[in-house]
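**Student:** Please arrange chains B, C and D on chain A, whose structure you already have, making use of the hints.
Protein chains: 4
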Amino acid sequence: MSTWTLDCFAGRVRSTADLVSRVCDPRFLNPQTGPFYVEGAEPGDTLAVHFRSITPREARGVSTTVPLFGSLTATRATAMLHDPLPERTWVYEIDTDAGVVRYDALDSPFQVDLPLDPMHGTVGVAPALGEVRSALAPGDWGGNMDTPEMRAGTTCYLGVNVEGALFSLGDGHARQGEGETCGVAVECAMDTELVVDLVKGGPPTPWPRLENDEFLMTTGSARPLEDAFRIAHTEMVGWVRELTGLSSMDAYQLVSQTALTPIANVVDTNYTVVAKVAKRYLPDVVVMDGTHGGLRRS
Amino acid sequence: MSTWTLDCFAGRVRSTADLVSRVCDPRFLNPQTGPFYVEGAEPGDTLAVHFRSITPREARGVSTTVPLFGSLTATRATAMLHDPLPERTWVYEIDTDAGVVRYDALDSPFQVDLPLDPMHGTVGVAPALGEVRSALAPGDWGGNMDTPEMRAGTTCYLGVNVEGALFSLGDGHARQGEGETCGVAVECAMDTELVVDLVKGGPPTPWPRLENDEFLMTTGSARPLEDAFRIAHTEMVGWVRELTGLSSMDAYQLVSQTALTPIANVVDTNYTVVAKVAKRYLPDVVVMDGTHGGLRRS
Amino acid sequence: MSTWTLDCFAGRVRSTADLVSRVCDPRFLNPQTGPFYVEGAEPGDTLAVHFRSITPREARGVSTTVPLFGSLTATRATAMLHDPLPERTWVYEIDTDAGVVRYDALDSPFQVDLPLDPMHGTVGVAPALGEVRSALAPGDWGGNMDTPEMRAGTTCYLGVNVEGALFSLGDGHARQGEGETCGVAVECAMDTELVVDLVKGGPPTPWPRLENDEFLMTTGSARPLEDAFRIAHTEMVGWVRELTGLSSMDAYQLVSQTALTPIANVVDTNYTVVAKVAKRYLPDVVVMDGTHGGLRRS
Amino acid sequence: MSTWTLDCFAGRVRSTADLVSRVCDPRFLNPQTGPFYVEGAEPGDTLAVHFRSITPREARGVSTTVPLFGSLTATRATAMLHDPLPERTWVYEIDTDAGVVRYDALDSPFQVDLPLDPMHGTVGVAPALGEVRSALAPGDWGGNMDTPEMRAGTTCYLGVNVEGALFSLGDGHARQGEGETCGVAVECAMDTELVVDLVKGGPPTPWPRLENDEFLMTTGSARPLEDAFRIAHTEMVGWVRELTGLSSMDAYQLVSQTALTPIANVVDTNYTVVAKVAKRYLPDVVVMDGTHGGLRRS
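Chains as they are written, first to last, in the numbering used here: chain A, 413 to 710; chain B, 413 to 710; chain C, 413 to 710; chain D, 413 to 710.
Chain A on its own, in the form it takes in the complex (with noise of 0.2 Å):
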């Protein structure tokens, strides 16, 4: 399947003069593509969204500050008696051919090309409970999880809510730091090609895990952080468990010794933790019944 996403900004911030307080309203922050309607997928099931290319719809992409977004700021839930950081907007030069986006200082010459790595900070299913939820919140659903393993090659399986699953995608990012330090990553629309496929029958997936050639990972969305970092290795903990057959304390032991654990983002309204165990230390386990390798071959 092909489609495509606007920005996290609907497109609205277009230079160095446009600042997101000023040309966004908030209510239309981090427009989705979807939901898509996906026919049999049923409430236990898995859905697996394999991304097979993720690619800049433009030649430049932005980020910004936002006044009390951010990490290493005051924001609405870590309140503080503090103004508001300066408010700035960064355009970013993409080259798709050469493979790097250019990041241009506003208060001096300084200029550095940074490798492309196009990917999606917002994934998701329709959340459980009937809940409604913004696209700026990341959860056991997916959501806006900002991890930069969200790349073409990744197969991304989502445990299923509701009848149709309801996925939709969006927040398109160039490339961007582990935790999203200032909150925004380089910004861009985004023209997409994934595959998706069910896996129904098996145990439920109850928060977002990824694949790549190389690595399982599960991922947790919570605050405070370490409790993020608790989901995603318990989470790991349990997959090395079912996959390999260990008791639960010897996957404890191997997880302890082999997961690597990337920050994704440390700004949302809950924040994001990747625990990655690579696969090559989990030998001859079938994962997701092979999902990976068959949507990577189609």
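Among these hints, one or two may not hold up.
Since the list can't tell identical chains apart, any single copy or any two copies may satisfy a pair.
Said to hold, decoys possible - Straight-line distance between alpha carbons at most 25 Å, and here's what the computed SDA-like set of lysine to any residue pairs gives:
{"#": "1", "residue 1": "K691", "residue 2": "D529"}
{"#": "2", "residue 1": "K691", "residue 2": "R563"}
{"#": "3", "residue 1": "K612", "residue 2": "R439"}
{"#": "4", "residue 1": "K691", "residue 2": "P447"}
{"#": "5", "residue 1": "K691", "residue 2": "L672"}
{"#": "6", "residue 1": "K691", "residue 2": "D507"}
{"#": "7", "residue 1": "K612", "residue 2": "D437"}
{"#": "8", "residue 1": "K612", "residue 2": "G705"}
{"#": "9", "residue 1": "K612", "residue 2": "R488"}
{"#": "10", "residue 1": "K612", "residue 2": "V698"}
{"#": "11", "residue 1": "K691", "residue 2": "A517"}
{"#": "12", "residue 1": "K691", "residue 2": "V524"}
{"#": "13", "residue 1": "K691", "residue 2": "S520"}
{"#": "14", "residue 1": "K612", "residue 2": "Q523"}
{"#": "15", "residue 1": "K691", "residue 2": "E561"}
{"#": "16", "residue 1": "K612", "residue 2": "P695"}
To be clear, the hints were calculated from the coordinates, so they are not data collected in a lab. Just so it is clear, the structure is predicted and the values come from calculations on it, not from any experiment.
**Tutor:** Below, chains B, C and D without anything else, positioned relative to chain A:
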């Protein structure tokens, strides 16, 4: 300088039958080598410790669970009404030539080789304000940060708080996952070669920093985990600003798009987060008067 | 207005043999009465709800433990490898005339009378940004704050997010401790008399506030718990500044020396903290156009 | 025993023109009186300290803001890119006879009398494991808990970690709000009369506990704030279980419906929460061998 360190159990855990709560005295956990008095070190200086090599002293390491310690269990601080998780001990064969440590499950025949990646969990100087801290605690003095980045080839920068710095190290790990999930890595005694230098007259080093050939790294140790993140990233923004002359907001933006942010530990009395920025994104900067390169070649 | 509410289990937990995980459907926990459309209520207005009386509808209430729910247990967010704590149900006799509820231990003959102190755990309006939230969640729209301050004699102020406000209430408690430690209060159906008013044209009410004859109160609902504290106290500093004309730093100082800060809940999807300042320390101020006094006398 | 304590600034802040960052040396903040060697005190014992009277030594107290310290500001741990909040000093007239302290706004003519409620912010013994901790830190040894419950009429129980206990106290407050929002109470030197006793042979006291004529109280000091809550409440559940013979789940239930939970501080290196249960709900129990009553009458 060549030195060696005991493992964190002072060698008292020798087999899968040795449980920490039975064979170890909590007062003597995590014994350090040192403190070393560094001639000429004065408060305000930065101590640079370059690790040339870190080599397991024996052909095996151990890992364990410890009652009420670890990230996926109730602890003394995250106090709950649960009984402690089971206490177990794993023994890892270490093959230094092959560069692997062998994980052996306790409850099933599963076995897998993992890459040997030796490091020191605990590296520090005397704290400020006259405090004396347990070797189990990490903080602005360094200490028990438990980051796998503390490997051979890396230079660790520590702000000096007292005359002579009083440097110490220990807690060798044959390898560990990021987060040190169960609280215990593959623990082993180490033979360590290191070179020490002093950086005088520069800006102070408020929290430990690391440098290798590829990355600049900052650390933060605090609870909750987002405060550790905030420290590490505020430090990185400040360091990038100093090195490049970028404005504070420009440095914030550059770090936001370039930082890698692996979690170090979510188990110690403070949690530790590392922020990493590739030096290639900061061309032509001179870091700590070129100390890392100097020690590397020495 | 006279209304009534079901208990949080919709009346399905009737005896010590009824365990929540067996008799309740998670989709139908904490049923609310409402939503009520308030004529004339528009976004930016403040809805004032004054509780005249809250009276248990039956001669007994129930409390329970619920697997993976509560403050002293692993939960879905504070995910761990422990088995859930035991699931139990307690039944309390309520004697409305004597003003007591009787605690009866399950495992020993211990029995003690506690003061009846009826309140509503859940009071709220529709959230902003088009979200639909579970009745188990507290937030800036009010919701499941679980503060014992929500008793008869109190006026609750809620910022209106949508036309008609869509006010609802439920989750009656015959009494609860501060923090709602095990996650469940003495739950019972309630007969409630309340008066509703609208405050138009004043400054917005970003987080729920309460007022009784003695105190002004602000609330914050967030995780970690210190963020809930920060919200409640930032709100109180701002409110005192507005009411008195004090500078921001002077209001910060006055709140620092006068606030009472009881914890409301440490169990819900957000934790809630209340900040209270006695009105006698703010002489001659007019709060919300005198709404509380007006409703009190009405 | 009669003793006296300096204020937390060692008397160096005398007027609204004295700013902490200019007149105080961080190494000498919060000076304590002691340590006192208690004859016969051994590790495992409980030290009981009963406060007979706490009386301001002078007719005024001071409060301040301190750069990067307090609950509604970025700090060294909650590190951000904001500039520090303004540094200010307030002077309070203390009228011991009238029982009031007078708040005087700096930026407007507002003035109000607040009840005098003298207490000690810092009360502790030597920590375990050979640590030496700053007088600014609270923990399981007591220390800088900053709870207004530490007033005359209260007995504080502290677990003894070293021979002689090494008891100390200081940081007198003429009054403070719960949370000590700005980080500084109404600080003043105190004349204090106290009686000390030892409880030998009972169960250990892992975290400080308090008792007055009406309440049993437990404390927890940790970050994040929910961990302080968890400690205080786990301690209370355990204490109630021990005193009453209730099962653990029955004690959990009783504490859930009866605890008051005022926050003590959200500003120190650990945050402190107090849990309180009225003794009338625990009829016929004997607490700490009746130590409080004995000291009260002595």
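**Student:** Take the hints in turn and mark each one as holding or not.
**Tutor:** Evaluation of the provided hints:
When the C-alpha separation of K691 and D529 is checked against a cutoff of 25 Å, the pair qualifies both within a copy, at 23 Å, and between copies, at 18 Å. Proximity of K691 and R563 under a CA criterion of 25 Å is satisfied in both settings, with 18 Å inside one chain copy and 24 Å between copies. For a Cα distance limit of 25 Å, the shortest separation of K612 from R439 across copies, 23 Å, qualifies, whereas the shortest one inside one copy, 36 Å, does not. Taking CA atoms no more than 25 Å apart as the test, K691 paired with P447 passes in neither setting, with 32 Å inside one copy and 42 Å between copies.
In this homomeric assembly, K691 and L672 come within 25 Å of each other (Cα to Cα) both inside a single copy, at 12 Å, and across copies, at 22 Å. For the identical chains of this complex, K691 and D507 are inter-copy neighbours only, at 22 Å across copies versus 33 Å inside a copy, given an alpha-carbon limit of 25 Å. In this homomeric assembly, K612 and D437 come within 25 Å of each other (Cα to Cα) only across copies, at 23 Å, whereas the closest approach inside a single copy is 40 Å. Taking the closest pair of Cα atoms, K612 and G705 come within 25 Å of each other only inside a single copy of the chain (17 Å); across copies the shortest separation is 55 Å, beyond that limit.
Taking the shortest Cα distances, K612 and R488 sit within 25 Å of each other only across copies (24 Å), while inside one copy they are farther apart (41 Å). Proximity of K612 to V698 under the C-alpha cut-off of 25 Å is restricted to the intra-copy arrangement: shortest distance 15 Å within a copy versus 56 Å between copies. With identical chains, the CA atoms of K691 and A517 are at most 25 Å apart between copies only, with a shortest distance of 17 Å across copies and 40 Å within one. For a Cα distance limit of 25 Å, the shortest separation of K691 from V524 across copies, 12 Å, qualifies, whereas the shortest one inside one copy, 35 Å, does not.
For a Cα distance limit of 25 Å, the shortest separation of K691 from S520 across copies, 19 Å, qualifies, whereas the shortest one inside one copy, 45 Å, does not. Taking the shortest alpha-carbon separations for K612 and Q523, neither the intra-copy value of 50 Å nor the inter-copy value of 31 Å comes in at or below 25 Å. Taking identical chains as interchangeable, the C-alpha atoms of K691 and E561 lie at most 25 Å apart whether they share a chain (16 Å) or sit on different chains (22 Å). Taking the shortest Cα distances, K612 and P695 sit within 25 Å of each other inside one copy (24 Å), while across copies they are farther apart (51 Å).
Of the numbered hints listed earlier, those contradicted by the structure are 4 and 14.
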